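K.L.:
So you can see what is in the structure, the chains are spelled out below.
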Amino acid sequence: MLKYIGLSLFKSLVLVGITLLHVAYTTYAERKIIGHMQQRLGPNRVGPRGLLQPIADVLKLITKEDIIPSCVDSPGVFKLAPFISLVAGATSLAVIPIWENFVVTNVNMALLVVLAMSSLSSFGVILAGWASNSRYSFLGGLRASAQVISYEIAMALALVGVIMLAGSMNLIEIVKAQIESPFKIYAIPQIIGFFVFMVAAIAETNRTPFDLPEAESELVAGYFVEYSGIRFALFYLAEYFGMIVMCMLAVVCFLGGWYGPFEIPGVPMFWFLVKLYFLIFFYIWVRATLPRYRYDQLMGLGWKVLIPLALLNIVITGLIKVLV
Amino acid sequence: MLALEKLQEKFPEEIIETGESAGQTYVVVKREKIFDILKFLHESGELLFDHLADLTAVDWHKKKTPRFEVVYNLYSIRYKQFLRIKAQVPEEDPIITSVTPIWKVANWFEREVYDMFGIVFDGHPDLRRLLMPEDWEGFPLRKDYPLFLSPEKEWQGLVELKEKARRLAPFDWYQRVPGEVKEEEMKEPEEEKVAEGEGHGASA
Amino acid sequence: MAQALEIVPKQIDSDQWDEPYYVNMGPQHPATHGVLRIFLELDGETIVRCDPRIGYLHRGVEKLSENLTYSQAMVLTDRLDYIASAANNVGYCLAVEELMGLEVPRRAQIIRVIVCEMARIASHLLWLATHALDIGAMTVFLYCFRDREWLLDIFEEICGARLTVSYPRIGGVRLDFNQHIIDELYRFTEEFPRRIPEYETLIDVNRIWLKRTKGVGVISGEEAVNLGLTGPSLRGSGVRYDLRRSRPYLIYDELDFEVAVEYEGDVYSRYRVRMKEMREANKIIRQCLDKLAECEGEPTVAENAPDLLIPFGKPKRPQPAPHPKKGFLVKSVEVPIVPEGEVYFAIEAPKGELGYYIVSDGSGHPWRVRIRAPSFVHISALPALSEGQMVADIIAVIGSVDIVLGECDR
Chain A
1 MLKYIGLSLF KSLVLVGITL LHVAYTTYAE RKIIGHMQQR LGPNRVGPRG
51 LLQPIADVLK LITKEDIIPS CVDSPGVFKL APFISLVAGA TSLAVIPIWE
101 NFVVTNVNMA LLVVLAMSSL SSFGVILAGW ASNSRYSFLG GLRASAQVIS
151 YEIAMALALV GVIMLAGSMN LIEIVKAQIE SPFKIYAIPQ IIGFFVFMVA
201 AIAETNRTPF DLPEAESELV AGYFVEYSGI RFALFYLAEY FGMIVMCMLA
251 VVCFLGGWYG PFEIPGVPMF WFLVKLYFLI FFYIWVRATL PRYRYDQLMG
301 LGWKVLIPLA LLNIVITGLI KVLV
Chain B
1 MLALEKLQEK FPEEIIETGE SAGQTYVVVK REKIFDILKF LHESGELLFD
51 HLADLTAVDW HKKKTPRFEV VYNLYSIRYK QFLRIKAQVP EEDPIITSVT
101 PIWKVANWFE REVYDMFGIV FDGHPDLRRL LMPEDWEGFP LRKDYPLFLS
151 PEKEWQGLVE LKEKARRLAP FDWYQRVPGE VKEEEMKEPE EEKVAEGEGH
201 GASA
Chain C
1 MAQALEIVPK QIDSDQWDEP YYVNMGPQHP ATHGVLRIFL ELDGETIVRC
51 DPRIGYLHRG VEKLSENLTY SQAMVLTDRL DYIASAANNV GYCLAVEELM
101 GLEVPRRAQI IRVIVCEMAR IASHLLWLAT HALDIGAMTV FLYCFRDREW
151 LLDIFEEICG ARLTVSYPRI GGVRLDFNQH IIDELYRFTE EFPRRIPEYE
201 TLIDVNRIWL KRTKGVGVIS GEEAVNLGLT GPSLRGSGVR YDLRRSRPYL
251 IYDELDFEVA VEYEGDVYSR YRVRMKEMRE ANKIIRQCLD KLAECEGEPT
301 VAENAPDLLI PFGKPKRPQP APHPKKGFLV KSVEVPIVPE GEVYFAIEAP
351 KGELGYYIVS DGSGHPWRVR IRAPSFVHIS ALPALSEGQM VADIIAVIGS
401 VDIVLGECDR
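Protein chains in written order, with the working numbering: chain A, 1 to 324; chain B, 1 to 204; chain C, 1 to 410.
Since the hints were made in silico from the structure, they are not lab data.
All figures in this text were calculated on a predicted structure; none of them were measured in a lab.
Hints may contain errors.
[Stated by the list, open to error] Below, a list of computed lysine-lysine pairs in the DSS-like style, where the Cα atoms sit at most 25 Å apart:
1. C:Lys-214 x A:Lys-304
2. C:Lys-63 x B:Lys-63
3. B:Lys-6 x B:Lys-39
[Unchecked claim] Sample of chain C residues facing chain B (criterion: CB under 8 Å; computed from the structure):
4. Gly-55
5. Lys-63
6. Glu-98
7. Val-225
8. Leu-227
9. Val-239
10. Ser-246
11. Glu-342
12. Val-359
13. Arg-368
14. Arg-370
15. Arg-372
Yeah, the Cβ is synthetic: ideal placement off N, Cα and C, and Gly gets one too.
Excised from the complex, chain A in its bound form (with noise of 0.2 Å):
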């Protein structure tokens, strides 16, 4: 018993800390990557080639002032926002599968808690948004709700799809159910899926194409223009954490986990980094190239678009089942 919670604590201090490289990489990935993508370099001062800027930015932000306004309705919200942000965004961690014998927690209803932790993120924003007590925070806020309530229903119902051909909810599971599966991993069979997944998770971490809540030219930062500082650095944190959680379960339900063509003796989790490296890379690349939706144009995507394909996905999936 107190093997296994010793176990279980070693494991998630090992993917939490792996995790918050992962994501502070990310962020000087990011800055690198659509720098050069718009002809000219990111960062490239700070330690060689930029790459300790992800340290400079964590202690500047660190090192601030600590500010809060005075007409904030309730200090204690205000200061508990971001923490609900980041702990939905993190917990999520805990069932997902790196390689076949490393998960922290190998729960049987592994999807539904990852469901659960993403609609309990919409409450750190929606605290913010009111807790900030300015028009601009409360509009933004008042919209990433609303927007985060929508995708997550396209999410849910792209997912359907993949539990009905795996036939359980556990993601090990899943995994070893796309290995077996001729197509070895499900972005094939289950294609409007995939599409419909992608969209959705975009749309959750509010990035662009559909970061109008938060997009500096019209309503400068919206839920989080009140934050300064550690607590700002704590929302950015978990917005880049719930962008590394939806590209891990992509990565596990669709592209086929810690599966690849020939095996690396060694470095169990090669294939899965790969994996995941390129939707980062796909997350960041769509955020350089395209435009910003218009909020109800984004509100009528969600609802009049995704979710009938993932209707459609869920009938075309089980009519293969029966059939084939």
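Since the structure of chain A is provided, determine the placement of chains B and C on it from the hints.
P.N.:
Quick look at chains B and C alone, frame taken from chain A:
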């Protein structure tokens, strides 16, 4: 010029003088029927002055007797004709009819003329100051308004701002305001605090 | 101090009240192209009332120029539309020369046209960059600035300043072009038409861009004329009014270029008008460079041009020191003689119709300088363009009418 002839035919007693300056015709009129004159120019079939290029005022302080002149620069896009109408406005009674019903662009032009010269436009939907702050006193572009304001006549908003900066200077990184600020001056005055403390969503 | 806003609740039911929701897109805002404050009354996402408030950048240019000589006042006009400052200078010099009856030599006119069109391209590049950035396409911003840097480098070589060039003089231009500038301009006109498709691929047929800009901020031709819109904002609504064709100045009547007109009247058509104008401006510069080669060696300044801020090479006349208490008032210097009279001269600035109404009383200082700025009129037209639309649309509309607060507030 066709416009000039038509004007002389229709409003002969309103025109005070006509002339030409740098190749552009101008007509000086009295201010009473300016609305009818401009409406005629805007709607008449052969003239069609649909583009009000500019509406401004000139202050002839001590040079000419009706002190102000409101100048309308009109252009007809279709017939490529340019005309300038100048309406004389005396100093004691600086009121003239607004032409906002004819051209919507006159709205802000007239607000600026009111702001800078003090000429009131009768019938304007929303006459208030445009470029200067709402509580400014005086009309800047008049010739008797100085270029630099003396320190006694400084705008109240600037005085308050300087006072606030002086009071908050001790909290700055380095001493910007020479001399010391005493203890009791560092506290904010009482009424200001009450006004700022309340207000759920009232601050924008 | 200004009054606090009164929030008056409206009664919609027996026990329900509705309070209007006011939002300020305040003077400091990443999207409002300067210090513009828009006071919005919102009903959910729709704008019920829109009230732009300006005056945050008012520097008193008109009052100042009444106390300066004509040549000195020209430097003030640089800072009006600081993005395309060459066009402002050219307009002012043309207005004063019209009043004086001064004849400008042909070489100076061609150089002025080149500089005006370069300013037009620079201004439209900056417009596209900020418009795309507001709507979310960040990459277009950097591509446009890369080309704008090239133009600003050429400006620096022409006259020493990148942004506020005080290059024309009353009577001509300050310095002649040397051969390196002409070669650089030839290279630019060759390369630029290949760069424009780079910006267009990213946004022209992008579904998101089309959804954000088509059908937004629509205005019909007659209403646009009534609201005083000019320039590309008017030509996007189908009215073919270009001052370079209707009231030609400099050598525009000899040049061969097309006037860009679109008929929809929304944000997308204004975007297309400006993209076409960039290509036409490139063509104009090309033609002017060829014409420049024909009149080598001619003077760039008229013989009887006024003396202050004199062209390079002539000895300067000593001036008395400014009066310690009266600031800029310069009284006893030989100044250009401008006969009594008045003139209204308008040019096609990149943003619209920039007009100068100069009244002279025969002395060395102008009696009244009035600057009819296109951005002033366009901001006054914002309520008509944006009431009934959503908050996100007002950003697109502000971007499409291309305002700069320097010339609006003067």
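K.L.:
Given Val-225 (chain C) as an interface hint, is its Cβ closer than 8 Å to any Cβ of chain B?
P.N.:
holds, 5 Å
K.L.:
Should the interface hint for Glu-342 (chain C) be scored as holding, given a Cβ-Cβ cut-off of 8 Å against chain B?
P.N.:
Holds, about 5 Å.
K.L.:
A closest beta-carbon separation below 8 Å is what the hint needs, so does Leu-227 (chain C) meet it against chain B?
P.N.:
Holds. Min distance 5 Å.
K.L.:
Against chain B, with CB atoms and a cut of 8 Å, does the hint on Glu-98 (chain C) hold up?
P.N.:
Because about 5 Å separates Glu-98 (chain C) from the closest Cβ in chain B, which is inside the 8 Å limit, the hint holds.
K.L.:
Tell me if the straight-line CA distance from Lys-6 (chain B) to Lys-39 (chain B) falls inside 25 Å.
P.N.:
holds, 13 Å
K.L.:
When the nearest CB of chain B is found for Val-359 (chain C), is that gap smaller than 8 Å?
P.N.:
Hint on Val-359 (chain C): holds, closest Cβ of chain B at ~6 Å, below 8 Å.
K.L.:
Is the shortest C-beta separation between Lys-63 (chain C) and chain B less than 8 Å?
P.N.:
With a minimum Cβ separation of about 6 Å from chain B (threshold 8 Å), the hint on Lys-63 (chain C) holds.
K.L.:
Answer holds if the nearest beta-carbon of chain B is closer than 8 Å to that of Gly-55 (chain C); otherwise answer violated.
P.N.:
holds, 4 Å
K.L.:
Could you grab the alpha-carbon distance between Lys-63 (chain C) and Lys-63 (chain B) and see if it respects the 25 Å cut-off?
P.N.:
Distance ~18 Å between Lys-63 (chain C) and Lys-63 (chain B) Cα, so the pair holds.
K.L.:
Do the numbers back the hint for Arg-372 (chain C), that is, is its least Cβ distance to chain B under 8 Å?
P.N.:
The hint holds - Arg-372 (chain C) has a Cβ within 8 Å of chain B, the shortest such distance being about 4 Å.
K.L.:
When the nearest CB of chain B is found for Val-239 (chain C), is that gap smaller than 8 Å?
P.N.:
holds, 7 Å
K.L.:
Given Arg-370 (chain C) as an interface hint, is the shortest Cβ-Cβ distance to chain B below 8 Å?
P.N.:
holds, 5 Å
In summary, this structure violates none of the numbered hints.
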